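**Q** So the chains spell out like this:
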Amino acid sequence: MSFLAATHMTCGYGGANIIEDCSITVEQGEIAVVVGPNGAGKSTAMKAVFGMLELKEGSVVLDGQDITSVPPQDRVPLGMAFVPQNGNVFVTMTVEENLEMGAFIRNDDITPTMEQVYELFPILYEKRNQLAGELSGGQRQQVAVGRALMTQPKLLMLDEPTAGVSPVVMDDLFDRIIDVARTGIAVLMVEQNARQALEIADHGFVMVQGKNRFTDTGEALLANPEVRRSFLGG
Amino acid sequence: MELLNAIALLTNFVLIPATAYGAQIALGALGVTLIFGILRFANFSHGEVMSFGAMAAILFTWFLQGQGVSIHPLPTALLGLPVGILAAIAVTLIADRVVFRYYRQQRVTPITLAMASIGLLFVLAGLVRFIIGPEHQNIADGERFLITAFEFREMTGLDEGIGIRQTQALTLVIAVIAMVALFWFLQKTRAGKAMRAYSDNVDLALLSGINPDRVVMIAWIITGALAATAATLYSLDKVYQPFIFLQILLPIFAATILGGIGQPVGAVIGAFVVAYSEVMVTYAFRRFIGYLGPADWAPESMVQLMSTNYKFAVSFIILVVVLLVRPTGIIRGKVIER
Amino acid sequence: MTSRGALYFAIMAAALLATGIFQSWNVAFGIIGMCLISAIMALGLNIQWGYGGLLNFGVMGFTALGAVTAMLVSVPPVTEAWEAGGAGIMLSLALLVATVVVILVARRMVPAHLRTPVTVVLVILGFFFIRVFYVPATERIEAVNPAETGFLGGFGLPILLSWVLGGLVAAGAAWLIGKVALGLRADYLAIATLGISEIIIAIIKYEDWMTRGVRNVTDLPRPVPPEMELWVAEWFVSIATFFGSDDTRAAIALAMKSIFIVLFLIVLVVIFWFSQRALKSPWGRMMRAIRDNRDAAAAMGKDVTSRHLQVFVLGCAVVGVAGAMLTTLDGQLTPTTYIPLRYTFLIWVMVILGGSGNNWGAILGGFIIWFVWVQAEPFGHWFIGNVTLVMGEDHWLREHMISGAVYMRYVLMGVILLTVMRFAPRGLIPERS
Numbered sequence: 001m002s003f004l005a006a007t008h009m010t011c012g013y014g015g016a017n018i019i020e021d022c023s024i025t026v027e028q029g030e031i032a033v034v035v036g037p038n039g040a041g042k043s044t045a046m047k048a049v050f051g052m053l054e055l056k057e058g059s060v061v062l063d064g065q066d067i068t069s070v071p072p073q074d075r076v077p078l079g080m081a082f083v084p085q086n087g088n089v090f091v092t093m094t095v096e097e098n099l100e101m102g103a104f105i106r107n108d109d110i111t112p113t114m115e116q117v118y119e120l121f122p123i124l125y126e127k128r129n130q131l132a133g134e135l136s137g138g139q140r141q142q143v144a145v146g147r148a149l150m151t152q153p154k155l156l157m158l159d160e161p162t163a164g165v166s167p168v169v170m171d172d173l174f175d176r177i178i179d180v181a182r183t184g185i186a187v188l189m190v191e192q193n194a195r196q197a198l199e200i201a202d203h204g205f206v207m208v209q210g211k212n213r214f215t216d217t218g219e220a221l222l223a224n225p226e227v228r229r230s231f232l233g234g
Numbered sequence: 001m002e003l004l005n006a007i008a009l010l011t012n013f014v015l016i017p018a019t020a021y022g023a024q025i026a027l028g029a030l031g032v033t034l035i036f037g038i039l040r041f042a043n044f045s046h047g048e049v050m051s052f053g054a055m056a057a058i059l060f061t062w063f064l065q066g067q068g069v070s071i072h073p074l075p076t077a078l079l080g081l082p083v084g085i086l087a088a089i090a091v092t093l094i095a096d097r098v099v100f101r102y103y104r105q106q107r108v109t110p111i112t113l114a115m116a117s118i119g120l121l122f123v124l125a126g127l128v129r130f131i132i133g134p135e136h137q138n139i140a141d142g143e144r145f146l147i148t149a150f151e152f153r154e155m156t157g158l159d160e161g162i163g164i165r166q167t168q169a170l171t172l173v174i175a176v177i178a179m180v181a182l183f184w185f186l187q188k189t190r191a192g193k194a195m196r197a198y199s200d201n202v203d204l205a206l207l208s209g210i211n212p213d214r215v216v217m218i219a220w221i222i223t224g225a226l227a228a229t230a231a232t233l234y235s236l237d238k239v240y241q242p243f244i245f246l247q248i249l250l251p252i253f254a255a256t257i258l259g260g261i262g263q264p265v266g267a268v269i270g271a272f273v274v275a276y277s278e279v280m281v282t283y284a285f286r287r288f289i290g291y292l293g294p295a296d297w298a299p300e301s302m303v304q305l306m307s308t309n310y311k312f313a314v315s316f317i318i319l320v321v322v323l324l325v326r327p328t329g330i331i332r333g334k335v336i337e338r
Numbered sequence: 001m002t003s004r005g006a007l008y009f010a011i012m013a014a015a016l017l018a019t020g021i022f023q024s025w026n027v028a029f030g031i032i033g034m035c036l037i038s039a040i041m042a043l044g045l046n047i048q049w050g051y052g053g054l055l056n057f058g059v060m061g062f063t064a065l066g067a068v069t070a071m072l073v074s075v076p077p078v079t080e081a082w083e084a085g086g087a088g089i090m091l092s093l094a095l096l097v098a099t100v101v102v103i104l105v106a107r108r109m110v111p112a113h114l115r116t117p118v119t120v121v122l123v124i125l126g127f128f129f130i131r132v133f134y135v136p137a138t139e140r141i142e143a144v145n146p147a148e149t150g151f152l153g154g155f156g157l158p159i160l161l162s163w164v165l166g167g168l169v170a171a172g173a174a175w176l177i178g179k180v181a182l183g184l185r186a187d188y189l190a191i192a193t194l195g196i197s198e199i200i201i202a203i204i205k206y207e208d209w210m211t212r213g214v215r216n217v218t219d220l221p222r223p224v225p226p227e228m229e230l231w232v233a234e235w236f237v238s239i240a241t242f243f244g245s246d247d248t249r250a251a252i253a254l255a256m257k258s259i260f261i262v263l264f265l266i267v268l269v270v271i272f273w274f275s276q277r278a279l280k281s282p283w284g285r286m287m288r289a290i291r292d293n294r295d296a297a298a299a300m301g302k303d304v305t306s307r308h309l310q311v312f313v314l315g316c317a318v319v320g321v322a323g324a325m326l327t328t329l330d331g332q333l334t335p336t337t338y339i340p341l342r343y344t345f346l347i348w349v350m351v352i353l354g355g356s357g358n359n360w361g362a363i364l365g366g367f368i369i370w371f372v373w374v375q376a377e378p379f380g381h382w383f384i385g386n387v388t389l390v391m392g393e394d395h396w397l398r399e400h401m402i403s404g405a406v407y408m409r410y411v412l413m414g415v416i417l418l419t420v421m422r423f424a425p426r427g428l429i430p431e432r433s
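Line by line, the protein sequences are chains A, B and C. Each residue of the first sequence is one higher than the one before, counting from 1 in our numbering. Each residue of the second sequence is one higher than the one before, counting from 1 in our numbering. Each residue of the third sequence is one higher than the one before, counting from 1 in our numbering.
Be a bit skeptical, because a hint or two may be false.
[Said to hold, decoys possible] To give a feel for the contact side, a few chain C residues facing chain B, derived at Cβ under 8 angstroms:
| id | residue |
| --- | --- |
| 1 | Val-180 |
| 2 | Ala-186 |
| 3 | Gly-195 |
| 4 | Ile-196 |
| 5 | Glu-198 |
| 6 | Ala-202 |
| 7 | Glu-399 |
| 8 | Ile-402 |
| 9 | Gly-404 |
| 10 | Tyr-407 |
| 11 | Val-415 |
| 12 | Leu-417 |
| 13 | Arg-422 |
Derived by calculation from the structure, the hints in this document are not laboratory data. The model shown is predicted, which means the values in this text are computed figures rather than measured ones. Think of the CB as a built atom: it goes at the ideal place given N, C-alpha and C, for glycine as much as any other residue.
With the hints as constraints, model all of the structure from the sequences given.
**A** Now the structure itself:
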């Protein structure tokens, strides 16, 4: 059994199903990437994994525990952290306060974790007393990831972390995400920039119209001619 | 000398009363802005919560006076204030439990919540009038002045005196204490930061494991406490009368919107802007101008922009100008979806 | 209207009938008259809230505008006061218009960055300039026989004319206010309208030269010619005699009230007919589309703000008509009686209870709430009087509670509003979807 096994998920808004029989798995210390064309249901799949949408079918198992019916807030203490695509920082609060709020559920000393985050994202240490709303797009994403890491999650979920940032910043951000995975955290992310994302992915899931189309290692997917032709622009 | 006289005159009739009034409005506006920020609706019942708190304080003050308790030279109502605060907190918490919580869970629009606050307004307005009656109540005992205009004149030899009423000084001291405590709470404590986080971004606050019920409860407690304090100080400084508390909503809302919704610092600034404008616009400047110009040049008619009867129009004009020019307020506040 | 709606109206009619039989017909007829006015106010608010989703918390102000219009239309002019200060007031008015024109022209002429400062300067200059003529004029007018007049008086026209003019005045004010406040968030409109209504009341209370202020204007002319009143009265007296009553005075009072009821009913029917037609027209459908999804409607190219302005003006006009009717019924203008709980929020309870967006519902809500509002007073006295009997006949607390019993009807209204919102948010007669 994988560390996170979301299997045979079917769900949607109202009557229509956005995703059908969709499965996603992640291992500890690995990066799993969900890619696919617009409207394929990638973000919906993320929400389903985090419990923001009720599943009609399927289950979500984290570390051997079935959490299908656990509400999203209660998944945070279980070791899941989620970085939404939009509105993922507290814009009126300082960087440090953002990190503190990330650790809200913890009652132990959070300084070591905060130091780790600063080590991972040195720029945040420099800007720790600035309002998050005043930072650049890439720096905000770092705050968002940092905030999520403050809960000491076992699974970090990122919804399009590189949306709207420049290619240089994107490469930098991906490097950081690799660093995060190396600390033993399972990383699951949805990405628009499929090629770059698959390059760092241990596992890739190509979704089309709410279903799994290809599932393989990142390397293999990049090498697969059909995937290249259809989803990576040749 | 003339200049000093002019300054003394302005201080006595504009600066001091407006500062006390501004502090009262600020305490009220802080409550409105907190609820606006956390629960995202305009709480029209806020004035009646204030009224209820002040009423409880007054009733307890009467009880104490009946028992012969006195803290002269301070007004007995200071001892009644804690009871007023508890009563107002009880009202806000019960109201949240009975009325607002349901709508919050339904995730209704801000309009529905505002409408529900009208229901609460009716209930509280009725209870207050039933319990204490619609008449005005004067509760200021204790020493009237810290310094009278006469003493000031004797001391300085100026023609114009500055009198500081004790209630004005008390208002300022208590308001400053309350505001410092509030800002310390919001900036430095975990619960305070959680409130700011919730006000900033509800979804992310939930993702961070912040308990919404707790945040809302704390917001109501603070709001109730500030409301009772504001209304008791207002009643001490002027007079307690139930109908005032619907009218006072206007300057309070004006201050809230001027300061930027959900912005406590903005609410305080807004309150003082509103208070100073109101007092200055309705003050007759004739003698003031008389001191500044050559002899006898002061105009015959009073140089008064507006009769005091229209002081609420000042808040309204400020409100409208803000809405037209900068709807987000001085400190960029929340733009809550319609 | 559904059969359930018909049932509610039947119950309402029975309640009024019972009031007539067990209390007195005079009370019942009085309540019916006010019910009709309340229903018209509720219709007006329903146009704004039910059709358009606008939060107008200034109903009181527009009611009062209608009320003032009724007074100004009907009372005879005070010649002496006109001689004393009429010219000054007219000059001030002309200057006001001139100032506005100058400001509008100046704003066109100067470059954009100077517009605000120029406007501010011109407003201040105009303000002081107008006061030079305005203040002495008002003082002279108010000095003319203050015990009886002390104001300019009105135009001495038939008061019925004000039922139309009152609507127009309210509509004009609504247009000005709507221009400024619409297009903003819904709760901002609520706050702004609450404010403007307080200001309107303040003007009516304190501009003595125009309204006599808190000294009231009493003995307004009645709406129908005396001959007609006499004819109806004779008719009622003969009915009373037929039923074996010789209380002629009660019969005459009843006659007066029934004349009003007939007049009010005509207005209600006319406004209701237009409201229904509007609601079912393409215009009404568009309004509801905007209300339900403003962004989608705007994206489809609907001019949301100007549609909102239309419903706002129309609704306020209806409220203004009701205000003029109310003053006609009262026969006097009493500015101090205007408080938001009674003239704004009570109307809201009517609309919410009856059913937002449904005109039948608004009428039903107007009837029920006014009936309950009136009857709550004697009932409250009776109820609290009995409950507190255990304290002893003249215990201080009992007397205090009885004297405050009337205010429990505020509590009752709050409870009704909250209960309906919670358990029947669509009201007694829901909007047809």
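**Q** Taking the closest Cβ pair, is C:Val-180 under 8 angstroms from chain B?
**A** Because about 6 angstroms separates C:Val-180 from the closest Cβ in chain B, which is inside the 8 angstroms limit, the hint holds.
**Q** Does C:Glu-198 pass the interface check with chain B, least Cβ-Cβ distance below 8 angstroms?
**A** holds (5 angstroms)
**Q** Does the nearest C-beta of chain B fall within a distance shorter than 8 angstroms of the C-beta of C:Ala-186?
**A** holds (5 angstroms)
**Q** Given a cut of 8 angstroms on the nearest C-beta pair, is the interface hint for C:Tyr-407 held or broken against chain B?
**A** Where the cut-off is 8 angstroms and the nearest Cβ of chain B is about 4 angstroms from C:Tyr-407, the hint holds.
**Q** Would you check whether C:Arg-422 satisfies its interface hint, that is, whether its CB is within less than 8 angstroms of any CB in chain B?
**A** It holds, given that the least Cβ distance between C:Arg-422 and chain B is near 6 angstroms, below 8 angstroms.
**Q** Can the hint on C:Glu-399 be confirmed by a CB-to-CB distance to chain B that is less than 8 angstroms?
**A** violated (12 angstroms)
**Q** Any CB of chain B closer than 8 angstroms to the CB of C:Gly-404?
**A** holds (4 angstroms)
**Q** For the hint on C:Ala-202, does the least C-beta distance to chain B fall short of 8 angstroms?
**A** holds (6 angstroms)
**Q** Answer holds if the nearest beta-carbon of chain B is closer than 8 angstroms to that of C:Ile-196; otherwise answer violated.
**A** holds (7 angstroms)
**Q** Could you check if C:Ile-402 really has its C-beta closer than 8 angstroms to a C-beta on chain B?
**A** violated (11 angstroms)
**Q** Any CB of chain B closer than 8 angstroms to the CB of C:Val-415?
**A** holds (7 angstroms)
**Q** Hey, does the C:Leu-417 contact hint survive, CB to chain B under 8 angstroms?
**A** holds (4 angstroms)
In summary, the numbered hints that this structure violates are 7, 8.
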